[in-house]
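Colleague: Each chain is listed here by its residues.
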Amino acid sequence: MSSRIWSLVKKEFIHLVNDWWLPLFMLLGGATELLLVGWATSRPITNLPLVVLDQDRSSASRAFIAQVENTGTFRTAEEASDLDEIHDELRRGDVTAAIVIPPDYADKLLDSQAQPEVAVLLNGAESIPATAGLRAIEGVVRAVGDELLLETLSVPEEELSGFVPRLRVWFNESLSEALYTTPAELGLMLEFTVLLFAALAFSRERELGTLEQLLVMPFSSMELIIGKSIPVVIIGFTDFLLMLGMVHFVFGVPVRGSLPLLLVLALIYLLVELCKGLVISVMSRSQHQAFLLVMMVGMADFMFTGYAAPVESMPQLLQAAANLVPAHHWMEILRGILLKASGIEVLWPHIMALVALGLLVGGFSIRYVRRALD
Amino acid sequence: MLKRNNRTTSNHDNQNQPDSGKIAVVSTRGLGKNFGDFSAVRSLTLDIYPGEIFGFLGPNGAGKTTSIRMILGLLRPSTGSASVLGIDVQKNPEAIRPRVGYMAQRFSLYNDLTVLQNLQFYGAAYGLENDRLAERINSALEMAGLRGRERRKTAALAGGWRQRLALGAAILHQPEIVFLDEPTAGVDPVSRREFWDLLYELAAGGVSVFVTTHYMDEAEHCHRLAFIQRGEVIAQGSPGEIKRQAVDGRVLEVVSENAGNVLKVLEQLWEEGESLEMDLYGASVRIVTPDQRDYRKQVRTILKKSGVVFSSVEYVEPTLEDVFIASMR
Numbered sequence: 001m002s003s004r005i006w007s008l009v010k011k012e013f014i015h016l017v018n019d020w021w022l023p024l025f026m027l028l029g030g031a032t033e034l035l036l037v038g039w040a041t042s043r044p045i046t047n048l049p050l051v052v053l054d055q056d057r058s059s060a061s062r063a064f065i066a067q068v069e070n071t072g073t074f075r076t077a078e079e080a081s082d083l084d085e086i087h088d089e090l091r092r093g094d095v096t097a098a099i100v101i102p103p104d105y106a107d108k109l110l111d112s113q114a115q116p117e118v119a120v121l122l123n124g125a126e127s128i129p130a131t132a133g134l135r136a137i138e139g140v141v142r143a144v145g146d147e148l149l150l151e152t153l154s155v156p157e158e159e160l161s162g163f164v165p166r167l168r169v170w171f172n173e174s175l176s177e178a179l180y181t182t183p184a185e186l187g188l189m190l191e192f193t194v195l196l197f198a199a200l201a202f203s204r205e206r207e208l209g210t211l212e213q214l215l216v217m218p219f220s221s222m223e224l225i226i227g228k229s230i231p232v233v234i235i236g237f238t239d240f241l242l243m244l245g246m247v248h249f250v251f252g253v254p255v256r257g258s259l260p261l262l263l264v265l266a267l268i269y270l271l272v273e274l275c276k277g278l279v280i281s282v283m284s285r286s287q288h289q290a291f292l293l294v295m296m297v298g299m300a301d302f303m304f305t306g307y308a309a310p311v312e313s314m315p316q317l318l319q320a321a322a323n324l325v326p327a328h329h330w331m332e333i334l335r336g337i338l339l340k341a342s343g344i345e346v347l348w349p350h351i352m353a354l355v356a357l358g359l360l361v362g363g364f365s366i367r368y369v370r371r372a373l374d
Numbered sequence: 001m002l003k004r005n006n007r008t009t010s011n012h013d014n015q016n017q018p019d020s021g022k023i024a025v026v027s028t029r030g031l032g033k034n035f036g037d038f039s040a041v042r043s044l045t046l047d048i049y050p051g052e053i054f055g056f057l058g059p060n061g062a063g064k065t066t067s068i069r070m071i072l073g074l075l076r077p078s079t080g081s082a083s084v085l086g087i088d089v090q091k092n093p094e095a096i097r098p099r100v101g102y103m104a105q106r107f108s109l110y111n112d113l114t115v116l117q118n119l120q121f122y123g124a125a126y127g128l129e130n131d132r133l134a135e136r137i138n139s140a141l142e143m144a145g146l147r148g149r150e151r152r153k154t155a156a157l158a159g160g161w162r163q164r165l166a167l168g169a170a171i172l173h174q175p176e177i178v179f180l181d182e183p184t185a186g187v188d189p190v191s192r193r194e195f196w197d198l199l200y201e202l203a204a205g206g207v208s209v210f211v212t213t214h215y216m217d218e219a220e221h222c223h224r225l226a227f228i229q230r231g232e233v234i235a236q237g238s239p240g241e242i243k244r245q246a247v248d249g250r251v252l253e254v255v256s257e258n259a260g261n262v263l264k265v266l267e268q269l270w271e272e273g274e275s276l277e278m279d280l281y282g283a284s285v286r287i288v289t290p291d292q293r294d295y296r297k298q299v300r301t302i303l304k305k306s307g308v309v310f311s312s313v314e315y316v317e318p319t320l321e322d323v324f325i326a327s328m329r
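For the protein sequence lines, the chains are W and Z, in the order given. The opening position of the first sequence corresponds to residue 1 in this note's numbering, with each subsequent residue numbered one higher. The opening position of the second sequence corresponds to residue 1 in this note's numbering, with each subsequent residue numbered one higher.
These aren't lab readings, by the way, just hints derived from the structure by calculation. Each residue gets a CB set at the ideal place from its N, CA and C atoms; glycine is no exception. It is possible that part of the hints are untrue.
[Claimed, not checked] Okay, the calculated beta carbon distance ranges per label pair:
#1 Z/Gly61 <-> W/Ile235: 21 to 27 Å
#2 W/Ile14 <-> Z/Arg296: 50 to 56 Å
#3 W/Arg371 <-> Z/Ser43: 27 to 33 Å
#4 Z/Asn111 <-> W/Leu263: 36 to 42 Å
#5 Z/Met216 <-> W/Ser3: 42 to 48 Å
#6 Z/Gly148 <-> W/Ile235: 32 to 38 Å
#7 Z/Phe38 <-> W/Glu33: 48 to 54 Å
#8 W/Leu263 <-> Z/Gln174: 44 to 50 Å
#9 W/Ser3 <-> Z/Ser43: 49 to 55 Å
#10 Z/Ala155 <-> W/Ser220: 26 to 32 Å
Using the sequences and the hints given, assemble the complete structure.
Modeller: What follows is the structure in structure tokens.
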């Protein structure tokens, strides 16, 4: 009996070796993904953008800011001149946190009866970095509180009023992760469904053996591409609408920005992923190979969407690379419109990048697919 | 369906033989294809005329499918040229497609579609619509014998029906020439015969049929043939011509109940010249003699000496199979 089992095991390994890309995917794909994602996410969250409005301009306030910077969580703070500027920057999503130090900060610090206050505004649309930022600031606050304690040992502890930073969390009131992650999933799902459907387009025909027959028919390669793409667009877009409806009505994700703009941009993004999928579909010899390629591409993109870790914390190289990934721009657009009420004036860099990448990918893939079909 | 009685076209060289005045529907000159340093097709030169059934015969891997692909413009040739209906295949393949039908070796209809859906797709792809489409679909169903079954899934059809359906789909747009790559592979003999009846009808209607096969009996039904082996044409012409050209000797048939022994004895004891080409055929042994001399006496002598019982040793008409195997060796 065992030799029978053994011969079956042997046969399975032979199949595995023949379909070399399958074990390749399993061994390398998984490991590489883990490495990259782990690397990207294990790094401490640093380099977050910070803006400060120091209305006190005392050495104490400057010391506070310096200590916040020293935590390493933030990059060098930018100075804002007024509250409006801070609101603008938060609205655009340019900063993770804003600190407002009121004019009486130093005075209250020295006054053992008073409670010094500092306002911290966090960009709740990205709760993971925001939470990290909050922790860092709280840490500073505790340190300053401890220092005070040391300096004024003569005053009994009960009399020393603590240091209460007042928090105002902007956008994402409960700082809940669902609002951060569900848009991300929504965006990713759009990518995956479109990629998958498109990738099956020609690999399916090839696997069935009907591709040859199609090529003998009077279709031009462009007609074949368009004919295959239209159902993908229809289904992908409908899928997106359904998912959007679901996250909105079931999970309470708001649509604070312009819905028509979102839909137009979703369509553009869809077309970009469609082109990628078509390239995969002519590259693949079979449907399941296409499927695996889609998984690999999708997982690579996944990392750049900031789903697991904010892009700002990634090594410089990866951050630069993120700009080349359509999914990254799409995610910014999606989050912007849903959570931050961003409009074209804020999103235009991402829109331009998406369109540019789209033309590039689209142009390449159409030429590649036509060449492959001929 | 019309049953044709003139299956013996192989014996009538003049039947349906085109004169060289007719314009070829397919012409290849020195067509060749190399994959790396492997020559799948060396130098293919042939002409096919209107209304004839042209057979392309050869063992597997001889280059039949590669040749068809080049003629259809699916594959770029390494050397030579091909023209279909007067149009250069390499320069203008799109012009050929609406006028040509193709039935691939591998079943190329969609199994998850119904019969009707497949025909509708094919028809629309070739630009048929409305009345014309309906009419052509009807005649395809009629021809394939699938009337009343058009809503069945294609996957549910048995082998012979699938082939007929595939043929129907291939000629839906009434092409001037159809290319069939091993259309009857794996089909039972009755269905095969019925399929060839359809091909005869097509040819009689003026449609040229280019068919590859390795069934010898089907080859006998073609008007003209080309034998291809290892990428080269080794014989071309009508079945009768080929039989005369390709076989130097003649075919001797020894009928015996103990045909196995006949074979053994002749193998052991034949001394004259080269060894004989011999093959066992159930209750007889067919021998292709090396030349035109009369070998009957010698064979009879040897068999009698060895005490092998036989009922007759006579010359018979060579079949294409004899010719084919002799030329392959």
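Colleague: Each hint should be assessed against the structure and marked as holding or not.
Modeller: Evaluation of the provided hints:
1. The hinted window of 21 to 27 Å between glycine 61 of chain Z and isoleucine 235 of chain W is violated, with their beta carbons roughly 42 Å apart.
2. Between isoleucine 14 of chain W and arginine 296 of chain Z the C-beta distance comes to about 55 Å, which sits within the given range of 50 to 56 Å.
3. Between arginine 371 of chain W and serine 43 of chain Z the C-beta distance comes to about 28 Å, which sits within the given range of 27 to 33 Å.
4. The supplied range of 36 to 42 Å is met by asparagine 111 of chain Z and leucine 263 of chain W, whose beta-carbon atoms lie about 37 Å from each other.
5. Range check, methionine 216 of chain Z to serine 3 of chain W: about 44 Å between beta-carbon atoms, so the 42 to 48 Å window is met.
6. Checked against the given bound of 32 to 38 Å, the beta carbons of glycine 148 of chain Z and isoleucine 235 of chain W, roughly 34 Å apart, stay inside it.
7. Checked against the hint of 48 to 54 Å, the pair phenylalanine 38 of chain Z and glutamate 33 of chain W fails, with Cβ atoms roughly 40 Å apart.
8. At about 46 Å, the CB distance of leucine 263 of chain W to glutamine 174 of chain Z agrees with the hint of 44 to 50 Å.
9. Between serine 3 of chain W and serine 43 of chain Z the CB atoms are about 52 Å apart, so this pair conforms to the stated range of 49 to 55 Å.
10. About 30 Å separates the C-beta atoms of alanine 155 of chain Z and serine 220 of chain W, a value consistent with the hinted range of 26 to 32 Å.
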